[in-house]
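Chemist: Sequence:
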Amino acid sequence: METYRGQAAKLRAATTVRYVPLKVFICRKTDGTGGADIPKLLSAIASANARFQSARIQFFMTGPPTIIRSDACYDFDYDTEYRVFAGPMADPKAINVFVLNSLALNGRGIGGLYAGEIFLPTVGLNGQALTHELGHAFSLMHTFGAGTERVARTNCTSKADGLCDTPADPWDLPGGSGADDGTMVFKGTIRDPDGNLYQPMMNNVMSEWMLSRSPSARFTAGQLERMANYLTFGLQHPSQSLRERYSALPEGVVAPAITSVLKVNGKVQINWQDRSANETGFFIERAVAGSADFLCVGGVGPNVTTFTDTGVPLNTNYMYRIRPANTATGSLSPAVSFSVGNWYCLPQSANAVTSNPNARIGIDEVTIRTADNTTLMTSNNTGFAADPDFYSDFSSSRAPATLKAGQGYRLTIRALFRDQYSAVAAVWVDLNQDGTFGRDERLVVPAGELWPGNALAEWLFIPATAKPGKTYMRIRIVDPIPPDRPSDLDPCGILYGRGETEDYALTILAPTASGSPTTPTTSCTPPVAVISGDAVIQPGATAQLKLTVTASRPWNLTVVGTDGYRMPVSGSGSLVYLSVKPTQTATYFLAGADNVCGKGTVSGQARITVQTPCLLPTASLAESKTLFAGQTVQIRVNLTGSTPLSLTMSDGQVFSNKYFDSQYVDVHPTTTTTYTVKRVSNACGVGTTSGSALVTVRSDCPLPAASMEGNETIRAGSVAMLPIAVTAAPPWSVTVAGTDGYRFSFTHTHEYVYLSVKPAQTTVYTLLGVSNACGRGSVSGKVTITVQNTAARLAASAEAVGKPLRIYPNPAGSGLLIRYTGSGDWQEELFITDLSGRVLKAIPEPHNPARERCWCKPR
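Going by my numbering, the sequence shown runs without a break in its numbering and finishes at 892.
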């Protein structure tokens with residue numbers, strides 16, 4: 034290790050990215066079906082390139098994948114098929130990758146293998162698995178391999194992977210892998226020989242934790258340095274075979290040309306022209322403007338000319354370029370710059386795109402005009418959005434409207450309906466350009482004026498405090514259904530009704546002292562509106578809301594109520610009365626007011642209280658309970674009448690301000706007692722009580738008895754159930770202990786309980802005690818959970834080779850009988866091989882529990 038580390042240091046510091054060739058083989062069935070697809074392969078290599086970028090290593094394909102049509106290669110048994118396929122076909126000048134349907138080693142299915150060549154089953158063809166095997170190809174070991182590393186890293190250079198920036202990893206220790214819950218924090222409790230708790234890196238590419246196969250998987254700096262050193266050492270190695278390992282040359286491909294980089298639906302879409310006929314696919318690379326460090330962000334198959342980059346941070350300038358997958362740097366497209374700007378939240382819809390053509394509502398027209406009807410922006414016939422969340426981003430494809438802060442504009446919205454629906458609409462403008470649509474940036478409140486054949490005309494007033502520059506406007510329409518709140522639509526959240534969302538770009542100009550030609554300047558004042566009119570009414574009666582408006586021009590305002598009421602009102606007078614007929618107490622207020630002069634101010638509220646009949650309360654009891662001395666039981670009091678109410682029990686307990694139709698009362702009598710409700714009352718007066726509850730206290734109190742039985746055999750990492758039977762007056766408590774240090778106490782009320790355990794090793798469980806209100810009882814029985822550990826089973830199989838073995842008759846005739854003595858409780862595997870070691874037949878395990886014999890016939 035230190036040999037190539039020292040030799041590599043100088044060269045590595047002076048080099049840029051080094052391109053390493055990959056030769057890919059894809060195994061399909063003999064009839065040509067099945068096997069991996071090329072886009073998935075390109076995506077996996079792109080992901081590996083992204084993770085190897087910090088090691089200054091990138092991969093390219095030596096040409097199109099070689100297709101092997103063979104059922105034997107398709108379902109690949111490494112022990113028998115390596116010499117047939119991998120050995121003869123491997124390219125000595127590249128890293129060879131064989132993609133198979135399934136992969137087996139020593140009779141077991143595995144998820145990947147590096148043994149001079151990389152073998153991956155199709156299910157494991159992803160960036161994380163390929164990166165893991167490439168890590169092995171560049172000398173990295175598993176983070177848990179070759180010995181027990183101390184948590185304090187005092188032996189980190191000689192144990193596990195030999196690196197000191199990868200934490201000690203207990204994955205292969207008892208209690209290790211079984212504690213993996215897929216999170217970044219190890220939940221195990223095992224300790225190293227020094228008594229320190231393990232804290233492994235759960236998303237290290239070279240580990241086996243679940244996160245090591247997730248998009249968050251990564252290398253450490255030490256692992257990246259080791260791989261870079263290993264490549265440098267290989268390129269300088271005196272052995273020609275090692276030097277040639279990376280000598281395959283890229284192919285000549287005509288460079289593609291990027292035609293556009295667009296922001297589409299909150300993502301970056303890159304489009305390019307394919308100008309070659311021999312590319313094996315394309316890698317899309319991105320760099321921060323001014324940097325030469327391009328990161329591979331995706332891969333696509335041949336002839337594909339578009340890619341969507343989803344993981345782009347906001348407010349950053351980038352450069353994009355395209356690299357044919359079978360080239361290094363000789364066929365790169367010219368880099369194209371792109372400024373991301375702000376990313377806005379993506380709206381969501383609970384209504385999936387439906388095949389029902391009569392179940393859609395869309396935004397079909399958006400127009401912005403000045404006060405004198407000069408058109409500044411129009412977007413017509415946009416139809417229904419194809420996005421699953423019914424969202425369209427027109428900020429790049431529509432020219433932005435230029436609006437001046439401090440002025441008002443006419444906004445027209447027309448909806449497209451595929452049925453007789455109505456819809457409300459709301460409009461937001463990012464006035465401070467911070468990438469969010471704040472509540473105070475909603476310039477058009479939800480208005481219920483959209484239906485087939487009707488356009489919504491609203492006044493869009495840009496406050497004088499708006500920040501000059503490019504910004505965005507969002508429009509959402511919806512036919513609301515619960516739990517949608519029509520009066521308070523969210524610019525980003527989930528909407529449950531049918532509807533659509535569209536974004537547009539705007540350019541805001543600074544306000545001027547001289548005003549604007551789009552806003553009338555003579556005797557034009559925005560409205561000032563006040564609502565009032567508190568009242569108390571009987572159910573079914575009508576109340577009058579008083580609206581007082583001061584304005585120089587006709588005005589529009591919207592009245593909303595806490596009961597869901599919403600009513601747009603237009604007029605020119607200074608006093609308007611609006612009739613409402615609420616079914617419950619509600620408060621009404623103004624959601625907005627405007628006219629051609631701009632957005633006005635609103636204030637006030639009106640509370641309409643709907644009186645309800647006051648019903649006298651009733652309280653009743655009707656149940657019987659039995660308990661032992663010292664126990665507590667609940668009795669239920671049934672209640673009716675107007676709430677809140679209060680009640681007093683016969684034992685003196687008092688309960689006040691109760692709003693429910695029942696009240697549970699805890700009682701713990703020492704002798705048999707009859708309970709009643711003495712009094713129940715509410716604001717209407719004192720009500721009636723009835724019934725009683727008899728609670729019988731038993732004088733005898735038998736001690737509990739608990740037993741446990743039922744041995745079980747499980748595989749490592751599996752869960753077993755401990756059956757516990759209890760004869761006792763509930764509730765009772767029991768304590769269970771295991772020989773592995775397990776100890777657990779719990780309380781229950783059932784006669785039979787099953788307790789789940791997950792031992793890492795064979796464990797005997799016993800009951801330490803059982804008790805209830807009568808005292809401590811007796812326990813009996815035990816359960817043995819035998820854990821079949823994979824590593825131990827393999828070791829036992831290997832050990833069986835040295836056991837006494839008798840084969841007769843020898844030579845064999847029509848059949849062969851093998852008698853042998855097994856090695857303990859583990860399953861043995863028997864194979865018949867020829868003199869060269871090639872497996873001729875695997876002998877299945879007999880059903881005989883003693884596993885002493887099996888029959889087979891010679892091949």
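Please note that the accuracy of each hint is not assured.
[To be verified] Quick list of in silico lysine-lysine cross-link-like pairs, DSSO-like style, CA-CA up to 27 Å:
#	residue 1	residue 2
1	614	579
2	220	791
3	691	711
4	658	503
5	658	691
6	658	500
7	658	711
If you're looking for bench data, these hints aren't it; they were derived computationally from the structure.
Chemist: A separate judgement is required for each hint: does it hold in the structure or not?
Modeler: Each hint tested on the structure:
1. 614 to 579: Roughly 14 Å separates the two Cα atoms, so the pair holds.
2. 220 to 791: Holds. Residue 220 to residue 791 sits at ~14 Å (cutoff 27 Å).
3. 691 to 711: Given pair residue 691, residue 711 holds - Cα atoms ~16 Å apart, limit 27 Å.
4. 658 to 503: 73 Å, violated
5. 658 to 691: 24 Å, holds
6. 658 to 500: Given pair residue 658, residue 500 is violated - Cα atoms ~72 Å apart, limit 27 Å.
7. 658 to 711: 20 Å, holds
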